[in-house]
Each structure stands twice: as C-alpha cells, then as structure tokens.
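Novice: Here is what each chain is made of, one letter per residue.
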Amino acid sequence: MATTAARGPADRATGRAAGSAAKGGRLKENQTARTFYWMVLPAVVLFLVFHTIPVLQGVFYSLTDSPGYGDWSFVGLSNYTALFGDPRVMSAYWFTFRFAIIATVLVNALALTIAVWLNGRIKWKNTLRGVYFIPNVLSVLVIGYVFQYLFAGAVPALATALGIDRLSTSILADPQLAWVGIVILAVWQATAFNIIIYIAGLQTVPQELYEAGSLDGASAWRQFTSITFPMIAGFFTINMVLALKNFLQVFDHVLALTNGGPGTSTESVSVLIFKGGFQGGEYGYQLANATIFMIVIIAFAAFQLRVLQRREVSL
Amino acid sequence: MSTTPVSGPNTIAAPPRPATGRDPDGPAVPGAPSRRRRTRGRDEGDGRGVNWWLTVLLIVLSLTIFIPLYFTVVTALKTQDQLGGTGFALPTEFAWGNFAEAWRLTNYPRSALNSAAITVAAVVLTLLSNSMVAYAIARNMHRRLFKGLFYFFVSALFVPFPILMLPVAKQTALLGLDNQVGLILLYVVYGLSFNIFIFVAYINSIPRELEEAAVVDGASTWTVFWRIIFPLLTPMNATVGILTCLWVWNDFLLPLIIVSDPRGATLPLVQFQFQSQFTTNYTVAFASYLMVMAPLLIVYVVSQRWVISGVTRGAIK
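Residue numbers (my numbering), protein chains in the order written: chain A, 1 to 315; chain B, 1 to 317.
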C-alpha cells in the first residue's frame, strides 16, 4: 500500500523505527499523517498545474505583447495603461457592472419573495418548488437561444398586436435596450437556484419564533423583517456575493442573445477577453484586462462580505 | 468542538443549527431535516389552513417558467410556413421530421454521448476524489499545512475564469488534453474549491469517535475513509453529485475553449457551432434545442423531490 512506500520529511525519523513495538502508538500516528498527505497530494498537484500556474502565467503574460503564439517581449505596464484609454474596454466594464448589479438585486429580491411564498401554507408545495427550480436544469446557452427568438420575434409580434409601439421592434436590436434582454434571461435562469437556497435557509428558522411572534400580534411583514430576515441573513450574504461574482463573469447569456451587439453595446468583460484573446491576437493585452478584472471581482466580494456581514451582526 | 465552523466564509454557509452533530447518528439525521419533516406534516396533512390565494399566485407566476418551454415545444413541432404571428399558436400539423433532421444535421448521438460520458465520469471522479481531499483537510485543520490548503482551495472560488481561460486553453492543447479527457479532468479539478468548502463543513459534523474506534481495531486511514466516512457522506455526495451533473451537462464555456476536434463537442457547444445554419431553419434549431434540454429535464422530473432536497441539504450545511 502507498503508506509503506511514502516517506515524507516529517516522519523519516520514525519510519526507521518501524520495528520498535514501544513506539507503536507514535508510528501509527505518523502513518496516519502520511496517509493524509497522500490523500491531498494528487489534488494539490493537479490544482497547481491547471489552476494556480495558469493564473500566474496569465499575470506574467499581461506584462508582454504576446499575441498568444510565437515571439513576445516585455512591455512593462503599457498594456495596463492602454486599457484605461480603450473605449471598448471601458464600455465592457460599464455594461458588466450595470448588468451584474441590477441582475444581482433583482434575482435576490425575487428569489427571497418567492421562497417565502413557497414556504407558506400552500397546496402542492413540493410540486411548485420543483417547478420553480426548472430553469436551473437548463443550459443557459440553449435557453438563451430560445429567449433570443422570443425577443426578436414573439415579443414584437405580440406588442404590435396589442399596439405597444415601444416594443414593436426587437429590444436586442436596440443598443439602448439590448442589455435589458440579457438581464431578463439572467434573472429568469438564476432565480431558480437562489429560491432553493433561500428555502433551505427558511427551514432553519425555528417555528417557535413565529408562534411567539403571532402571540405578540406581529403582522406578516413585521415577522419577515424581525424574524425571518435576520435569521437567514447568512444565506442572504452568501447569495448576494455568489450572484454578483457569477453575474460579473456573464458570458453564455451574451453569446446566446446578442453576441455582444448591437455594435459592442452588450459586450461583457468576459466576452471581450474571449474575443480579443482568442480571435483578436490580443493575448497579452486581454490578460492585462483579465488581471484587472480579477482584482475587481475580489474587491467586490471583499467589500460585500464586509458590509453584509457587519449588518448580519447588527441585526 | 467539531461542529463549529472553521471561520471566515464558512460561518456564512453554516448558520446556527442545533448541536445534533454530537449525537451518534447526528450526521445521517441533522437537525434541520427533522424540523422540515414536522413543518411539512402540518402543512400538507389536512386541507384546512391552506392559503389558496398564495397557491394561485404561485401557479400564475410559474407561467413565466412554462411560457419559454411551451414556445420551444410548439416551435419545434411546426413546419416553416406555420411560423407567422406571435409563434405561440399550436401547430396545425406536426412536423416530426424536424427532430430527424436536427438529429442528422448536428450528429446528435455523438454529441449526446460526449455530454453523457463527460458528465458521468466527472461526477463519479469528483465524488471519489473531492470527498477524500476534504476528509484529509477536515481532520487535519490543526496542522498549518492543511489549514493553508483549505484556504488555498476555497479562495480560488473568487478567481474569475477569464484570467485562466487563455493560458489553460494553450496548456491543455500543449498537453494533448484538448479533448473529452481534458474536460473531465478540468471539471474535477475546478470543482475542488466549492466541493471542499461544503464537504469539510459536513465532515466536521461527523463525530470522530467512529474513526477512533476503527483505528483501535487496526483499520488504516484508507480503510477508515472508504468504509466509514465515505458511506456517511452519502447525503452530501448526493448534493455534490447533483450540482456537478447540472454544471457539467450545461456548461458551454469550458468545452468552447478546450475542445479542438469537432468530434469531441458537447451538446451546448454543438448548438453554438450550428447557430449560423440554424438562423435560416429555426424549426429544426428548436427541435435540436429541445433534444438538448430533454435528457436532463426528464431525469429532473423523475427525481425532482430528491434533487430539491439534495440541493437544500447542501445549502444548510
């Protein structure tokens, strides 16, 4: 077995004393420890090779003019300074932030509301919960194509029939409105998962609290703000943080609905990095963009965790 | 105390719950599910006290979910000349041929087999490997190295994929992993961050006495893990398995950047590749979309209750 072959530096000394019965206990302990190292070693190596090293490579090549192949030379921070003067990059960040913040707020507000309702005294509770989870079972890209036809064909046809001029052309073809379509798809798809997480959270709230609440004559809204929300604040924090992180990296939605258009009005940062990096020969440049993007996402998450967790405590 | 979450983000995922983790059968029957059972019994046991307004409201709202699905089904069943109007009308005659054409055009069997094989392999390998890594970390949190590893893996949750994707695409091509095998490997490795996070929280609630007793009887650490811990992880394995399955089957970005040979394409990737041909022929496109959604949707409908409880359990932990 692997334990006998392995010899970590920590247990080399005791390994030699293998025959000694007196040290049996310690030996056993060290063998155990050695097994634990073997359990994590392959995972650590693979993670380093396929995650950590690529990240470091990414940061490294962001300091070069590499097109992704062949020769390259160091260009210092000039990729970074160029980013800030690039209108396409700025427009991608503006679209991404606006999309992600609005979608995060909408998803969490909707999911929390529906979760509270689904946790109420309703008939066919399990079936309804099952129905609301369906969007999460579907591929964003594929259901995105369906939404694209809805926005491009069905919605304008319906609006024309109802006499609503504003919607009689496809919103995806309108540079001012196309992002709304992406928000709708994202909210439709992501609310499903968040509902289930909130339902899980609601089930951790002891019923006794509500019983006490109703004895004191608290209204439904009052019970929500004074009992439910404080009790599930931890779930709210984690959902907000994860939703924002995921939405900031929006990719499939954009490719399915608009492919970044019209023009570059709905090009998200991930889509820009993908297009520029793989098709535009901007390997080094887009890696600088990705490095900035990584810092932005970590900063957003840290900020959210601080603000939301502080509120958790104060409630 | 083993039920206390380590710190940092962990505290968020594990809101206060009763300390049943100490109970001998704690991990199998944590506090929350028993409370849920009580609630459900009271709510569904009798017809009285049912909030019908809320029920109707929720049913009406669920139409927002069914409308796009209905649209997909009716469009897939229409002929080209039935496509006028809003598109919501029922087909006057069924064009079953759309499915046959989509099947042939996109070579459905090959991409479906790719998707299925990658999903099954990724789920199985994830469960076997990620739980083991989490076990080693959870039981050695007092050692600086393992504690460091925990934060190393979990902090990767916040490293956005775009920084990785350009170098990883080059690297997998270099290593000859720009195929299905490479995808499976990457799903297993990239799942580590999140899975370790939730497996560790769960393993912390399993009392150590069981393992100690087995060790006294002469069991090795491997035996302890495979014979005692892994079976106890079944509920969490279900959660991780479901989430991994949904992720891998539906994922588009990773196959897009990794798979170089068109024969290795997964179902979502094939839809993307055929998009230009589909724009002129969108009844066939919808037949194709429906065939992509259907397998997992059918599995979900059959196992719906189990899926929901699996995901819910993961969230409480």
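Calculated from the structure, these hints are not laboratory results.
Treat the hints loosely; a few may be bogus.
Stated by the list, open to error - Just so you have them, the derived chain A footprint on chain B, three or more residues with Cβ under 8 Å:
no.: 1; region: 83 to 97
no.: 2; region: 123 to 133
no.: 3; region: 159 to 170
no.: 4; region: 281 to 287
no.: 5; region: 290 to 296
Said to hold, decoys possible - Selected chain A positions facing chain B (in silico; Cβ < 8 Å):
no.: 6; residue: V44
no.: 7; residue: L77
no.: 8; residue: R121
no.: 9; residue: R129
no.: 10; residue: V140
no.: 11; residue: L150
no.: 12; residue: A152
no.: 13; residue: I164
no.: 14; residue: I273
no.: 15; residue: L287
Cβ atoms here follow ideal geometry from the backbone N, Cα and C, with glycine treated the same way.
Novice: All hints, please: hold or fail.
Specialist: Checked hints:
A stretch counts as covered by a chain when three or more of its residues have a beta carbon under 8 Å from one of that chain; for the region 83 to 97 of chain B and chain A the count is 4, and the coverage holds. For the region 123 to 133 of chain B, the assignment as covered by chain A holds, since 4 residues bring a beta-carbon within under 8 Å of that chain's beta-carbons and 3 suffice. Counting residues of the region 159 to 170 of chain B whose CB lies closer than 8 Å to any CB of chain A gives 12, which reaches the minimum of 3, so the coverage claim holds. A stretch counts as covered by a chain when three or more of its residues have a beta carbon under 8 Å from one of that chain; for the region 281 to 287 of chain B and chain A the count is 3, and the coverage holds.
Coverage of the region 290 to 296 of chain B by chain A holds in this model, with 3 residues showing a Cβ closer than 8 Å to a Cβ of that chain against a need of three. Look at V44 of chain A: its Cβ gets to within about 7 Å of chain B, closer than 8 Å, so that hint holds up. For L77 of chain A, the interface hint is violated, since its Cβ never comes within 8 Å of a Cβ in chain B; the closest pair sits about 17 Å apart. A hinted interface residue such as R121 of chain A counts as satisfied when its beta carbon comes closer than 8 Å to some beta carbon of chain B; here the least separation is about 5 Å, so the hint holds.
Residue-level restraint check for R129 of chain A holds (minimum Cβ-Cβ distance to chain B is 6 Å; threshold 8 Å). For V140 of chain A, the shortest C-beta to C-beta distance to chain B is roughly 7 Å, which falls under 8 Å, so the interface hint holds. With its C-beta approaching chain B no nearer than about 6 Å, L150 of chain A sits inside the 8 Å limit, and its interface hint holds. Below 8 Å, beta-carbon pairs count as interface contacts, and A152 of chain A has none with chain B, the closest being about 10 Å; its hint is therefore violated.
Contact between I164 of chain A and chain B, as hinted, is not supported at the beta carbon level, the nearest pair being about 13 Å apart and thus beyond 8 Å. Given hint, I273 of chain A at the interface with chain B, holds; its Cβ is 4 Å from that chain's nearest Cβ, closer than 8 Å. Restraint check, L287 of chain A versus chain B: the minimum CB separation of about 6 Å is within 8 Å; hint holds.
Violated hints for the displayed structure, listed by number in ascending order: 7, 12 and 13.
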